[in-house]
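**Q** Please take these sequences and the hints and turn them into a complete structure.
Single-letter residue listing:
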Amino acid sequence: SAVISQKPSRDICQRGTSLTIQCQVDSQVTMMFWYRQQPGQSLTLIATANQGSEATYESGFVIDKFPISRPNLTFSTLTVSNMSPEDSSIYLCSVEHLYGYTFGSGTRLTVV
Amino acid sequence: KQEVTQIPAALSVPEGENLVLNCSFTDSAIYNLQWFRQDPGKGLTSLLLIQSSQREQTSGRLNASLDKSSGRSTLYIAASQPGDSATYLCAVRTSGGSNYKLTFGKGTLLTVNP
Numbered sequence: 010s011a012v013i014s015q016k017p018s019r020d021i022c023q024r025g026t027s028l029t030i031q032c033q034v035d036s037q038v039t040m041m042f043w044y045r046q047q048p049g050q051s052l053t054l055i056a057t058a059n060q061g062s063e064a065t066y067e068s069g070f071v072i073d074k075f076p077i078s079r080p081n082l083t084f085s086t087l088t089v090s091n092m093s094p095e096d097s098s099i100y101l102c103s104v105e106h107l108y109g110y111t112f113g114s115g116t117r118l119t120v121v
Numbered sequence: 310k311q312e313v314t315q316i317p318a319a320l321s322v323p324e325g326e327n328l329v330l331n332c333s334f335t336d337s338a339i340y341n342l343q344w345f346r347q348d349p350g351k352g353l354t355s356l357l358l359i360q361s362s363q364r365e366q367t368s369g370r371l372n373a374s375l376d377k378s379s380g381r382s383t384l385y386i387a388a389s390q391p392g393d394s395a396t397y398l399c400a401v402r403t404s405g406g407s408n409y410k411l412t413f414g415k416g417t418l419l420t421v422n423p
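Protein chains in written order, with the working numbering: chain A, 10 to 121; chain B, 310 to 423.
By construction, these hints were calculated from the structure, which means they are not laboratory data.
Warning: the hint list may mix true and false statements.
Once the Cα atoms are required to be at most 30 Å apart in a straight line, the calculated BS3-like pairs of lysine-lysine come out as [as the list claims (entries may be wrong)]:
| # | chain 1 | residue 1 | chain 2 | residue 2 |
| --- | --- | --- | --- | --- |
| 1 | A | Lys74 | B | Lys310 |
| 2 | A | Lys16 | B | Lys415 |
| 3 | B | Lys377 | A | Lys74 |
| 4 | B | Lys410 | B | Lys351 |
**A** Written out as structure tokens, the structure is:
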């Protein structure tokens, strides 16, 4: 199975600023997934990132708010733009492999 | 649209007890089902993956079963320990085309008391 390194693990940010979250995978994967987990809620898929093409966003999520980069088959970033307190959540990246899905350790974001 | 429900939402048991967590899903056309554990403020740790053709999977004190026709899965934890305290999430990957999305339940918060 894959191992994912996700950074930062947590951050406290001012409203109106942006935060970029990075995920590095120890093997090449076709698709990477970005999830949001709001306080007390389960995971919601934000977008699917394929290398060399635009990310595919789920309903309710837009590229201007959550731009994603996927420069190669082992790396992806998610930016949370123009943040508001409502963006306070845990953000997780994920990849699929033969043994199911592996998740990064998560980024706990607090917007003040 | 796939919906996943987990019951109970929270469970508190004494150490050593055997317990069962339940997961149900509305669309039986699944590719696989995965159980995860999440510690507070952390990412997800995969526990067991059951393919749609399988009935159960076991790992140590954990056993997960799948009844696709009835849309149900259970996670059985034997001889629970305080270290088992966490939120347990069930996730279903629905089969068909390019639908790689996982649908998660809201989880069961388990507390094992010493």
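**Q** Each of the hints needs a verdict: does it hold here or not?
**A** Evaluated hints:
| no. | hint | in the structure |
| --- | --- | --- |
| 1 | A:Lys74 x B:Lys310 | 25 Å, holds |
| 2 | A:Lys16 x B:Lys415 | 25 Å, holds |
| 3 | B:Lys377 x A:Lys74 | 38 Å, violated |
| 4 | B:Lys410 x B:Lys351 | 21 Å, holds |
The earlier numbered hint that this structure contradicts is number 3, and it is the only one.
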